[in-house]
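Number of protein chains: 4
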Amino acid sequence: MKKISFGMVGGGNGAFIGDVHRRGAVMDNLAVLSAGCFSRDLQKNKETAFLWGVPEDRIYSGYEEMAAAEASKSDGIDFVSIVTPTDTHYAIAKCFLEHGIHVVCDKPVTTTLEECRKLQRLAGEKGLLFCVTYTYASYAVIQQAREMIRQGAIGNIINIIAEYPQDWLIVSRASGASAKYAWRLDPARSGGTACCSDIGTHLEALISKMTGIRLEAVLARFIHFQGSPLEHDIQVLLRYENNIPGLLWASQIAAGNDCGVRIRVFGEQGSLEWTHTRPMELRYAPLEGPVQILTANKPYCYSACTSLCRLPAGHPEGFYEAFGNIYQGFCRHLAALKKGKAAEHFTYPTIEDAAAGLRFTAACLRSEQNGNVWTALDE
Amino acid sequence: MKKISFGMVGGGNGAFIGDVHRRGAVMDNLAVLSAGCFSRDLQKNKETAFLWGVPEDRIYSGYEEMAAAEASKSDGIDFVSIVTPTDTHYAIAKCFLEHGIHVVCDKPVTTTLEECRKLQRLAGEKGLLFCVTYTYASYAVIQQAREMIRQGAIGNIINIIAEYPQDWLIVSRASGASAKYAWRLDPARSGGTACCSDIGTHLEALISKMTGIRLEAVLARFIHFQGSPLEHDIQVLLRYENNIPGLLWASQIAAGNDCGVRIRVFGEQGSLEWTHTRPMELRYAPLEGPVQILTANKPYCYSACTSLCRLPAGHPEGFYEAFGNIYQGFCRHLAALKKGKAAEHFTYPTIEDAAAGLRFTAACLRSEQNGNVWTALDE
Amino acid sequence: MKKISFGMVGGGNGAFIGDVHRRGAVMDNLAVLSAGCFSRDLQKNKETAFLWGVPEDRIYSGYEEMAAAEASKSDGIDFVSIVTPTDTHYAIAKCFLEHGIHVVCDKPVTTTLEECRKLQRLAGEKGLLFCVTYTYASYAVIQQAREMIRQGAIGNIINIIAEYPQDWLIVSRASGASAKYAWRLDPARSGGTACCSDIGTHLEALISKMTGIRLEAVLARFIHFQGSPLEHDIQVLLRYENNIPGLLWASQIAAGNDCGVRIRVFGEQGSLEWTHTRPMELRYAPLEGPVQILTANKPYCYSACTSLCRLPAGHPEGFYEAFGNIYQGFCRHLAALKKGKAAEHFTYPTIEDAAAGLRFTAACLRSEQNGNVWTALDE
Amino acid sequence: MKKISFGMVGGGNGAFIGDVHRRGAVMDNLAVLSAGCFSRDLQKNKETAFLWGVPEDRIYSGYEEMAAAEASKSDGIDFVSIVTPTDTHYAIAKCFLEHGIHVVCDKPVTTTLEECRKLQRLAGEKGLLFCVTYTYASYAVIQQAREMIRQGAIGNIINIIAEYPQDWLIVSRASGASAKYAWRLDPARSGGTACCSDIGTHLEALISKMTGIRLEAVLARFIHFQGSPLEHDIQVLLRYENNIPGLLWASQIAAGNDCGVRIRVFGEQGSLEWTHTRPMELRYAPLEGPVQILTANKPYCYSACTSLCRLPAGHPEGFYEAFGNIYQGFCRHLAALKKGKAAEHFTYPTIEDAAAGLRFTAACLRSEQNGNVWTALDE
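Protein chains in written order, with my numbering: chain A, 2 to 380; chain B, 2 to 380; chain C, 2 to 380; chain D, 2 to 380.
Mixed in with the good hints there might be a few duds.
Any copy, or any two copies together, can satisfy a pair, since identical chains are not distinguished.
[Unchecked claim] Distance condition first, Cα-Cα at most 27 Å in a straight line; then the derived BS3-like pairs of lysine-lysine: (1) Lys47 - Lys4; (2) Lys339 - Lys45; (3) Lys95 - Lys299; (4) Lys3 - Lys119; (5) Lys3 - Lys47; (6) Lys45 - Lys3; (7) Lys47 - Lys339; (8) Lys127 - Lys74; (9) Lys342 - Lys47; (10) Lys340 - Lys74; (11) Lys45 - Lys340; (12) Lys45 - Lys342.
Since the hints were derived computationally from the structure, they do not count as laboratory data.
Please take these sequences and the hints and turn them into a complete structure.
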């Protein structure tokens with residue numbers, strides 16, 4: 002068996018999310034980083050390549066050159082990981098797809114739904130895979146929760162409460178460090194929203210993956226902080242299919258929270274709860290009987306969960322492993338595709354999920370602009 | 002010093018909240034239960050009286066008789082505690098006020114704001130105190146939080162997230178036990194709302210007491226469960242003075258939650274968090290420095306907190322003591338009044354707070370009826 | 002039904018444990034405080050009596066006078082609560098027993114096992130009840146745990162880990178406040194140990210009540226702090242019947258702990274854990290299946306637990322209620338006895354448990370003095 | 002800069018700890034796996050090599066051949082990682098040291114202290130590094146705790162409470178799966194102890210690294226389970242230098258615990274606590290002021306902590322990263338050595354720590370055999 006070969010655009014040494022992608026991609030020895038255009042800074046580009054063992058002749062100064070060169074090689078990369086700022090994703094992804102190269106792209110995939118749809122069509126026409134890295138649904142116990150819900154552990158869903166409080170923005174403002182994140186705070190480059198597209202979409206994706214139900218409409222309120230042109234706190238009423246209600250709160254100005262993703266799904270027969278500060282645990286409350294605390298990789302877990310666990314129960318896995326789970330699913334799908342195998346069931350997030358995120362963001366933005374009114378999601 | 006004497010209407014032996022009132026009222030040896038009209042069931046009325054040492058000649062079969070008789074005694078009751086169903090509060094409270102007797106009333110005080118305003122005016126005209134028992138703000142550490150906020154510990158408030166998930170309704174439906182709570186579920190008797198007036202108002206009162214800021218408008222969504230005429234889950238966007246946002250969720254159908262009140266107040270300089278499942282603790286996150294866990298009755302607490310603690314730190318006090326704190330404040334105020342002392346600072350909830358609760362409920366109901374639109378609170 | 006009448010020796014207004022006893026005794030309306038010798042300070046004696054409604058003619062300046070007078074009354078007290086310093090318990094308890102009055106005594110009951118045995122014999126001869134207030138086993142969920150163990154939920158017990166860290170001594174030393182507790186730190190008055198008799202015995206009693214197994218031997222180490230003549234930290238290996246091992250740690254110098262009682266009982270089929278900082282919860286880990294968090298007063302609890310709950314699940318009860326549970330059991334036993342009823346099953350701690358505590362303390366002390374060697378408990 | 006090159010003995014694909022070593026070793030791109038003798042099973046040996054990109058000509062069927070061949074290459078491995086069963090470590094490590102190759106070895110390093118001392122001398126004579134992978138002290142927040150203790154945050158240490166409950170043995174016995182761990186349970190192969198050497202030493206190493214104080218004597222009790230020849234639960238009184246006391250409990254039969262390492266260090270001015278179930282958090286209780294919860298990689302952390310953090314605060318790192326921290330320290334030391342740089346301060350565990358672990362185990366065993374008596378550690 003040959004390993005899958007991949008390249009990367011962006012993610013020069015020192016970048017947070019680029020590094021996470023690399024570690025995630027190679028974690029399970031399914032893929033090898035073989036080419037890259039990591040930085041416009043030539044020196045940094047080379048350093049990153051060296052660090053990751055990328056051969057000198059496959060270091061590129063531009064993504065177009067890289068796509069063309071790799072496409073023409075017999076052992077060129079199978080897929081590319083795109084970890085540049087959001088407003089550059091579209092052109093880069095389009096270029097690689099046109100050269101017949103599969104794509105993994107950081108989220109949000111594009112700044113507009115229209116661009117996303119174009120990429121989606123292009124990938125479809127070319128028969129290429131397109132993964133977008135929504136992280137949280139990839140934690141092993143979320144897959145446990147998903148399977149429990151499918152198996153009826155909580156009965157019909159009657160409510161969903163999701164939140165994602167962070168404090169990085171308020172802290173970095175106070176300390177004067179926010180300049181570092183300038184592009185995220187530039188309306189033009191971010192697609193018109195900040196908190197909503199940056200972390201609100203993580204919640205939307207998490208709910209969607211965990212429950213399997215379809216969002217139909219939102220009523221959103223955007224909160225601006227100290228005159229910021231972009232919102233840094235969103236409070237959203239959700240309406241899912243069959244009138245199932247939900248509530249979503251995301252904030253970048255919630256002092257005392259590092260990365261506090263939390264989701265609670267309530268059903269007629271019980272509830273499930275997960276919080277990122279205890280990422281290996283799941284709280285399950287059946288309507289009768291005591292609350293249960295499930296832990297990843299225990300004998301009572303479904304294989305959908307245990308197959309994503311690398312360590313015995315009680316040995317903490319974390320954020321890198323959640324990313325690794327995405328890449329593992331993607332690489333297994335890609336490997337099957339290369340072998341011409343029939344489609345199996347793979348659970349990594351795709352450009353469909355990215356489109357859902359953009360539809361969510363667009364609907365929230367319209368709801369806010371129209372005075373916090375119910376707004377259906379675009380098709 | 003003579004103890005304060007009080008009577009009770011409702012709360013026949015076996016009633017949940019009546020018993021809580023009695024225990025709270027006598028907890029600190031400031032008041033003595035001296036008269037009562039506990040139940041229409043003569044036997045139960047007598048039993049309750051005996052249990053609490055009420056003399057036989059001060060057991061009454063009707064509240065009007067009781068008000069008249071006690072008012073005419075030289076050592077008649079100083080105040081009455083009213084713990085009957087909501088729709089009977091108005092007439093009872095009015096009667097005692099008219100006889101010059103101070104009132105403590107369970108919440109919600111009346112089914113309409115109009116009635117509440119009438120009682121408020123009547124009490125004002127008569128120079129009588131009127132306490133309404135919103136419990137949660139009376140926990141000692143909430144007073145600690147309140148004082149910290151006043152002293153600037155979290156800076157200007159920028160967001161408030163409050164929730165109160167319960168599961169009693171969904172559990173009692175499943176077990177067929179909900180008939181017991183029939184009056185709470187009858188729109189006519191409850192004032193037109195269930196979850197909102199029953200527990201939503203607890204959150205409104207808690208936020209208001211803890212932060213001291215004024216609610217101006219709401220956008221509310223009511224969720225009905227399995228065809229119930231009344232709502233059992235509310236999700237409300239809040240707008241406080243100076244455009245300070247908030248989010249409130251209360252539910253009676255949230256499996257896995259007994260009485261999960263939780264409040265988080267975010268400011269520009271930090272945040273404060275309290276949850277009822279750990280009622281003696283307060284989580285304080287300054288913008289810089291580690292998160293702090295404050296405990297009731299420690300040397301670092303303000304006297305506003307420690308003065309409400311009866312036991313050394315680490316010895317759990319609970320729900321009864323929270324009620325006791327309300328009665329303690331009320332009795333101290335009453336004692337001061339009887340001595341003709343100048344007004345001091347007392348922190349128990351009054352009919353002003355009850356009016357705020359009714360305004361909140363009414364605004365939420367209108368918001369829901371008008372399609373989840375922003376609705377200003379009535380004056 | 003007439004209420005039980007009781008008196009108190011010690012517990013002048015302001016005393017911590019005396020107040021806890023009074024509140025616990027009257028909590029469930031089974032008993033009335035009718036007489037007292039609360040303090041040698043005449044003024045304080047009277048104030049305390051007034052506060053609790055004790056008639057003036059039943060305020061006594063000495064316990065002997067009180068015992069004689071009450072014994073001669075037709076409506077004299079049924080029992081006395083003794084809440085004076087340990088070294089005075091023996092004479093007081095003896096006096097009341099000799100006058101035919103039942104006794105509740107704070108722990109440790111005496112400073113020597115010999116005195117305890119004498120009281121035990123005297124009570125036996127007189128047919129009188131003798132309760133000693135070990136608190137922790139009286140929390141409702143401990144009774145749940147006890148019943149689960151009896152029903153086999155964890156199989157055969159194979160290990161017990163118990164701890165009770167406090168920091169009051171180290172904190173009060175640092176702040177210069179330890180003079181207040183002088184008698185506790187005087188070897189002569191305390192019976193020769195501090196931490197061991199003061200809080201170690203609480204753990205011994207808790208283990209014993211919860212598991213029902215008999216302690217046979219200890220290997221104890223006493224740790225002295227900054228030259229204190231008495232120990233303020235004990236670390237004890239335990240050997241129960243059938244060679245079941247256990248480990249006990251108690252400390253008065255463990256910074257950051259208010260009253261951190263915690264017990265874990267391990268069996269061949271699972272484990273049970275309780276911690277005082279979450280007094281209403283029980284952690285149950287069956288050998289297979291997820292960990293369960295049980296809460297007091299839920300439908301799945303045994304009646305041994307729910308019968309001790311006064312509030313719906315989720316409404317915190319605390320330390321006063323644990324004391325109330327002791328008095329409730331004692332008063333029910335006393336009421337049955339007065340009616341000449343056959344013995345029922347009552348779960349309050351008795352002088353048997355007090356003797357067990359003294360045997361434990363004595364054996365620990367000998368083990369320490371002999372160089373930390375295994376030491377059998379005296380018969 | 003050239004990366005460090007390493008080989009591995011043991012750790013055929015599917016082995017738990019071998020895989021952890023590999024991931025840890027390459028995590029920070031400091032080292033490359035270049036040679037291996039992973040399994041006696043030829044097929045598995047090759048598969049593992051392929052998976053990790055080890056060239057075919059550097060796959061070896063025996064460790065002696067590997068040591069000789071790699072030592073003779075100009076670009077041979079810099080160090081070897083030994084992840085075979087304990088009783089084979091000595092011969093393998095000796096062989097590589099004799100060929101001038103640095104060593105990382107899983108713990109326990111050998112079955113006897115004598116062998117450990119020989120390896121230590123040999124490494125010293127050869128000027129070679131020898132790392133032994135005690136994991137827990139390598140979590141980033143433990144380094145934070147260590148630095149806080151050094152800086153006086155808790156004052157003089159007065160007590161240490163450490164525990165490591167697991168349930169794998171009792172669970173695997175119940176499920177019949179314990180055969181898999183047969184060598185661990187064979188007295189001959191394990192060095193005469195099970196729980197003590199396997200996990201007790203982890204606690205000893207954790208205490209030692211975190212506090213910096215020296216263990217002088219133990220009083221140990223070994224508990225056998227269902228007739229096992231080896232102990233599966235140990236309860237140990239510890240005596241550190243200056244008579245500082247400690248208490249250690251480790252168990253492989255504690256139902257409901259996956260990997261519950263917990264350490265509490267008490268000082269005259271406060272305490273520090275860490276538990277493996279929340280590996281990124283540290284509880285710090287100063288004698289005065291509220292309890293603090295410190296989180297990894299926050300601005301208030303010492304660089305000793307933040308330098309070991311790869312992700313922003315709130316993004317969980319786990320067990321792999323703790324291993325990565327060991328290898329990072331080791332590789333940095335090795336890189337410095339290769340450059341002929343002066344010794345810096347490196348914090349990875351060495352054969353000195355391994356010797357401490359063996360001395361601890363030997364003393365515990367003697368204490369148990371002599372009837373649970375105080376036993377000084379061998380020099």
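Consistency of the hints with the structure:
For the identical chains of this complex, Lys47 and Lys4 are neighbours both inside a copy (23 Å) and across copies (15 Å), given an alpha-carbon limit of 27 Å. Proximity of Lys339 to Lys45 under the C-alpha cut-off of 27 Å is restricted to the inter-copy arrangement: shortest distance 25 Å between copies versus 33 Å within a copy. When the C-alpha separation of Lys95 and Lys299 is checked against a cutoff of 27 Å, the pair qualifies neither within a copy, at 42 Å, nor between copies, at 39 Å. Proximity of Lys3 to Lys119 under the C-alpha cut-off of 27 Å is found in neither arrangement, the shortest distances being 32 Å within a copy and 44 Å between copies.
Taking identical chains as interchangeable, the C-alpha atoms of Lys3 and Lys47 lie at most 27 Å apart whether they share a chain (26 Å) or sit on different chains (14 Å). Only between protomers do Lys45 and Lys3 lie at most 27 Å apart by alpha-carbon distance; the minimum there is 16 Å, versus 29 Å within a single protomer. In this assembly of identical chains, Lys47 and Lys339 lie within 27 Å of each other by CA distance solely across copies; the values are 24 Å between and 31 Å within a copy. In this assembly of identical chains, Lys127 and Lys74 lie within 27 Å of each other by CA distance solely inside one copy; the values are 18 Å within and 48 Å between copies.
Within a single copy, Lys342 and Lys47 get their C-alpha atoms only as close as 37 Å, which misses the 27 Å cut-off; across copies the closest is 26 Å, which meets it. For the homomeric pair Lys340 and Lys74, the shortest alpha-carbon distance inside one copy (19 Å) is at most 27 Å, but the shortest distance between copies (39 Å) is not. With identical chains, the CA atoms of Lys45 and Lys340 are at most 27 Å apart between copies only, with a shortest distance of 23 Å across copies and 36 Å within one. In the homo-oligomer, the alpha carbons of Lys45 and Lys342 lie at most 27 Å apart only across protomers (26 Å), although the nearest pairing inside one protomer, at 40 Å, exceeds that limit.
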